[in-house]
Amino acid sequence: MTTLLKVEKITKKFGDFYANDQISFEVNKSEVLAILGENGAGKTTLMNILFGHYTPDAGNVNFEGNAIEFGNTNNAIKLGIGMVHQHFTLAENLTVLENIIIGRQSIFSLSLPKRQARVKILELSKKFGLPINPDELVANLSVSEKQRIEILKTLFLDCKLLILDEPTAALTPQETDALFSTIRNMIETGLSVILISHKLNEILAVSDRILVLRNGSSVGEIATHSADRKKIAEMIVGKKIDYPQKKKIPRKSKVLSLVDVSYDKTDAPNLIKVNLDLYGGQILGIAGVAGNGQTTLAKILSGHFKATQGKIVFNEAQSVLTSPKSFMDLGVAYIPEDRNSDGIVGDMEIWENAIMTEMDDPYLRNSLGIINKKTSFDRSKNLCETYDVRMQSIRQRSRLLSGGNVQKLLLGRWLMRKPKIIIACQPTRGLDEGAIASIQNLLLKAQQNGSAIILISEDLDELLTMSDDISVMYKGMLSDPTETCSTDKLSIGLRMAGDGFL
Amino acid sequence: MIKFRLEERAKSPYWLMIVSPFIAILVAIILAGILIILAGANPFESYYQLIIGAFGSKNSFAETLARATPIILTGLAASIAFRAKFWNIGAEGQLYFGALATTLFGTGLVVLPSILMIPFLFIMGALAGGLLLLPLVFLKLYYKVDEVVTTLLLNFVVVLLVSYLLEGPWKDPMSLGWPQGKSVIDEGVLPQILSKTRLHLGFIISIFFAFSVWFILSKTVIGYRIKSVGLNAAAASHAGVPIFKTVLIVALLSGGMAGMAGVTETAGLKGYLTLDLSPGFGYAGIAVAMLANLNPIGVIFSGVFLASIYVGADAMSRAMNVPTYLADVIVALTVLCILLSLVFVHYKILFFGVKKND
Chain A
1 MTTLLKVEKI
11 TKKFGDFYAN
21 DQISFEVNKS
31 EVLAILGENG
41 AGKTTLMNIL
51 FGHYTPDAGN
61 VNFEGNAIEF
71 GNTNNAIKLG
81 IGMVHQHFTL
91 AENLTVLENI
101 IIGRQSIFSL
111 SLPKRQARVK
121 ILELSKKFGL
131 PINPDELVAN
141 LSVSEKQRIE
151 ILKTLFLDCK
161 LLILDEPTAA
171 LTPQETDALF
181 STIRNMIETG
191 LSVILISHKL
201 NEILAVSDRI
211 LVLRNGSSVG
221 EIATHSADRK
231 KIAEMIVGKK
241 IDYPQKKKIP
251 RKSKVLSLVD
261 VSYDKTDAPN
271 LIKVNLDLYG
281 GQILGIAGVA
291 GNGQTTLAKI
301 LSGHFKATQG
311 KIVFNEAQSV
321 LTSPKSFMDL
331 GVAYIPEDRN
341 SDGIVGDMEI
351 WENAIMTEMD
361 DPYLRNSLGI
371 INKKTSFDRS
381 KNLCETYDVR
391 MQSIRQRSRL
401 LSGGNVQKLL
411 LGRWLMRKPK
421 IIIACQPTRG
431 LDEGAIASIQ
441 NLLLKAQQNG
451 SAIILISEDL
461 DELLTMSDDI
471 SVMYKGMLSD
481 PTETCSTDKL
491 SIGLRMAGDG
501 FL
Chain B
503 MIKFRLEERA
513 KSPYWLMIVS
523 PFIAILVAII
533 LAGILIILAG
543 ANPFESYYQL
553 IIGAFGSKNS
563 FAETLARATP
573 IILTGLAASI
583 AFRAKFWNIG
593 AEGQLYFGAL
603 ATTLFGTGLV
613 VLPSILMIPF
623 LFIMGALAGG
633 LLLLPLVFLK
643 LYYKVDEVVT
653 TLLLNFVVVL
663 LVSYLLEGPW
673 KDPMSLGWPQ
683 GKSVIDEGVL
693 PQILSKTRLH
703 LGFIISIFFA
713 FSVWFILSKT
723 VIGYRIKSVG
733 LNAAAASHAG
743 VPIFKTVLIV
753 ALLSGGMAGM
763 AGVTETAGLK
773 GYLTLDLSPG
783 FGYAGIAVAM
793 LANLNPIGVI
803 FSGVFLASIY
813 VGADAMSRAM
823 NVPTYLADVI
833 VALTVLCILL
843 SLVFVHYKIL
853 FFGVKKND
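Quick mapping for you: the protein sequence lines, in order, are chains A and B.
Take the first sequence: its letter number 53 is residue 53 in the numbering used here, and every next letter is one higher.
Take the second sequence: its letter number 169 is residue 671 in the numbering used here, and every next letter is one higher.
Everything labelled a hint here was simulated from the structure, so no lab data went into it.
Note that beta-carbon positions come from the ideal geometry of N, C-alpha and C, so glycine has one too.
A few of these clues could be false.
[Unchecked claim] Computed beta-carbon distance windows for the label pairs:
#1 L528(B) - G190(A): 53 to 63 Å
#2 N366(A) - G670(B): 34 to 44 Å
#3 L842(B) - K231(A): 50 to 60 Å
#4 L842(B) - Q448(A): 55 to 65 Å
[To be verified] Within a straight-line C-alpha distance of at most 30 Å, the following computed DSS-like cross-link-like pairs (lysine-lysine) qualify:
#5 K850(B) - K78(A)
#6 K642(B) - K306(A)
#7 K9(A) - K747(B)
#8 K587(B) - K265(A)
#9 K374(A) - K646(B)
#10 K306(A) - K646(B)
#11 K850(B) - K13(A)
#12 K418(A) - K850(B)
#13 K729(B) - K381(A)
#14 K373(A) - K646(B)
#15 K642(B) - K418(A)
#16 K646(B) - K265(A)
#17 K721(B) - K381(A)
#18 K646(B) - K475(A)
#19 K642(B) - K373(A)
#20 K850(B) - K325(A)
#21 K850(B) - K475(A)
#22 K587(B) - K325(A)
#23 K587(B) - K374(A)
#24 K747(B) - K265(A)
#25 K9(A) - K642(B)
#26 K850(B) - K374(A)
Only chain B is shown next, with the shape it has when bound in the complex:
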């Protein structure tokens, strides 16, 4: 029997930190490849189809980036919150709240020229997402109610609210009976940035916010406070860091990012609110944030990576006749492998009896 134990590294080597996520992805792909074989297809050909499906043409590439747009924003939402150890699992609900705000303000209630209308919708979406989190922050700080539970459960409440509105008062009379909201007015629709594709301005906006969040977290007092609260709230409080205010800002920023993901989908991709607006983008954001090790710039890459798996898996499924659910399996395996790789980054493995020379 091979015996081994882990020993913490005093310092993790740089090359290992950079290489380890790629190795983790490679391992995940190999493991998923076994499943593809079990599904009766050739894994190499399947992965080829997946890559072609995600990046092979202008259209597929654009589709991947369009899919990445909301995932990057919800990934940012999770990154900010998790850095402060505020476990916001409610990006899905906040996304829908942002979409509700877009429908409320963007379908005729307010009419502004495009240059103002689009920022206005983003602000409203962000506010909606942030405000949804606000009562939960108070519950956490005053009554110690676990935010994992409240944010998660609120997702279902919000989705049911959306369902009610779309089946009832907000149902578009022109929709031929489908449960969908009224179309966003032309001034509010996010313009295409690549002709004849579904890629819209939202992608640029999500990149912009990734850099903004990076700047806030790494260069400003607020980011510094978020970090200190996340790493040791008691010590931060003793040094005069306002815990309440900091957590409040975290919640507003995090909820705001997720709310804006609702805006990009409603005003960008679809043009109106539907019940299937998000196939779990809020939850995907958590995986994206974990893959990026909560780094906002890393979120851009992990968001595009995740989107490419989902988009490519559709093509792979059609071409190779394997289930699309393989996409979920690949993503889940990747997250697990990345988490495991962090163990190797922070610890070294020592085998019993083997003389080890550094």
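If we strip away everything but chain A, and leave its shape as in the complex, we get:
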């Protein structure tokens, strides 16, 4: 086996914080190396160094025997390193073809060499099983199609090493499988891939070797065929994981029912006559491929959208609900699926985010509307301690928190209100094993305390461990719930694909 990439003792500091501390590894030709680690373990920093976004404080990187020039993305591309970022870098208003060739031309050249480019792109598309239409506008594409474009972009530049940063974060199981077969195609043609992820199952399925990072340091390297799932999870977290144990509790009274609720507008996936009953102490899981109306349902239930038809009945009484605030006052808590854009105000301090839902509380403000900093600080510290939000100070900007801590802060903020209904959209998406377990345990504890929970997730394992009952959403329709103990992955998967819907 020939070594393609050799990384030696890379160290990168931000202030006093070591994002990477003496990390060394190698990537061979025709190999998938998976890099695993919690959020903040240093994976993305390391990749940004390889790809030329950051300059390390110490260390060397050799690519095909040549030292790479740090801090120079163009040099990395020229050598044959390609990177697909977690957040895509496509121009929505251009076509697929234009997006692939853009930026590789001199700024002064007037025409784009589209014809040769088209031939090459279609060739690559065929070779690696990445079907695309070069003339489609990127704005019209789905997430997985956009990802294909990103991958083609790197292949178009003749990359030899492809870095994929959390490539499956927004993909459905089927799309993930398709991506993995593309990766295998690449390996067969002699490319190498670095895969960054924290989804253990996927890593085990597709990688050849696994490198685990923790707190900026490398904690071990294992060949995938000899890896054990639990052991790796504990290597990542650095301690035993407290896996959630579901306890069923007797159903309490009905807290919410939807009668023939429809949503018929152009701004979001529609709903067609959704009926649903929810009881205190119940966790109702809603499965479905993204974009089938789950988010619309969650937004209606939290007051961000208004149903165009149908009735929403809380606690046996039909309430007049006008704003998200009025739903909150009824005891609804909503965990939005995108915690960074809809959950937290990243540029505000932790304490400011911690009290955002509580601005009517006379304990935190006086009648003139002046905020009491002392009680607000106390409340925030209390929240962070109770829900194990790990931070340096409550005066820290919230965007510096890791994903798991952001989610604990957001969930804790709601749990402090003792909500009657919790609507959790993808609450553990993108989190590492340790954080997933914490969030799931918090939700189960809320259930024990009598909250009713609607759990919307694309992770079937999560739905099966957490829910009492599972409904499936398909094209805006919601199936009747099935008890979790009497169903399995296969039958849910079939219904997610439309089986059993009219």
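Got chain A; can you put chain B on it based on the hints?
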């Protein structure tokens, strides 16, 4: 070729945040100095004349502060709005609307003793400025009409309305044919606070409002909501912050501040409404707010700074025979340098190949 790249700082050092605006101003002054040389004058002597012109005597100092008065208020208008990412570029129109309200209520329609008349005029001016923004807020929130466009264009509509009123129905018959409004009644005129100068009570009032706005923005629930809406409206909305109400309050406060700038000019400086009441104070407010990094207290200093450039440049122009437009150039360069300095505050620059030790 020197290659470099920017890297975000985890934390910006305090000293840098304080020092950087001064360095930016210094750079702007040096750059403008080159232009002064090109205009055929000695830059050191020119700047000396500028400083003397702005601060050299009781009269010039008072003139600078009088000029700063409306700029501080429009600067506050921009600060409040921009914090909520509500891009109100219409302070100029709101200022004139405040001036119209002053003329409507202050020239005899309502007569109150001075102690009530002056607050009354300020309230009316603020309401006028705020109300002018109101329909635009609804357009933005209901139909997603970009407020940059609507607020900017409304400026021209308002100025034409003022022109119509002053050439027609509101023209003062005693004005010997000049297009100007009737004089504000004595009870409504803002008293001088420095004898034999044009510095009037409006300056004190504008300082008062700068502190009030600072208090609202940093200590109250409303200010907290304005901040959260500006930084991430979606997340704020999910946490139960009423977006509509908050933007409405922002618009009323912002328009109100600009409207009061119209009051200080009509009832304070001139005593009556004219078509050239504001030589672009509304737009200057944007520069003032940017210079102050949207900090209301900072607006006082950047407002006085900007006013001193404008007032001093007149003196410099007379003494050195250079164009007064240099004032605009200095202000523009300062804003650009300040914006550039923010890059240095938030990022560090790394040069390729150079070993960097923290």
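These are the hints, each one checked on the structure:
| no. | hint | verdict |
| --- | --- | --- |
| 1 | L528(B) - G190(A): 53 to 63 Å | 58 Å, holds |
| 2 | N366(A) - G670(B): 34 to 44 Å | 51 Å, violated |
| 3 | L842(B) - K231(A): 50 to 60 Å | 52 Å, holds |
| 4 | L842(B) - Q448(A): 55 to 65 Å | 56 Å, holds |
| 5 | K850(B) - K78(A) | 26 Å, holds |
| 6 | K642(B) - K306(A) | 20 Å, holds |
| 7 | K9(A) - K747(B) | 54 Å, violated |
| 8 | K587(B) - K265(A) | 28 Å, holds |
| 9 | K374(A) - K646(B) | 39 Å, violated |
| 10 | K306(A) - K646(B) | 18 Å, holds |
| 11 | K850(B) - K13(A) | 13 Å, holds |
| 12 | K418(A) - K850(B) | 45 Å, violated |
| 13 | K729(B) - K381(A) | 21 Å, holds |
| 14 | K373(A) - K646(B) | 36 Å, violated |
| 15 | K642(B) - K418(A) | 36 Å, violated |
| 16 | K646(B) - K265(A) | 17 Å, holds |
| 17 | K721(B) - K381(A) | 20 Å, holds |
| 18 | K646(B) - K475(A) | 29 Å, holds |
| 19 | K642(B) - K373(A) | 33 Å, violated |
| 20 | K850(B) - K325(A) | 42 Å, violated |
| 21 | K850(B) - K475(A) | 49 Å, violated |
| 22 | K587(B) - K325(A) | 22 Å, holds |
| 23 | K587(B) - K374(A) | 29 Å, holds |
| 24 | K747(B) - K265(A) | 25 Å, holds |
| 25 | K9(A) - K642(B) | 54 Å, violated |
| 26 | K850(B) - K374(A) | 35 Å, violated |
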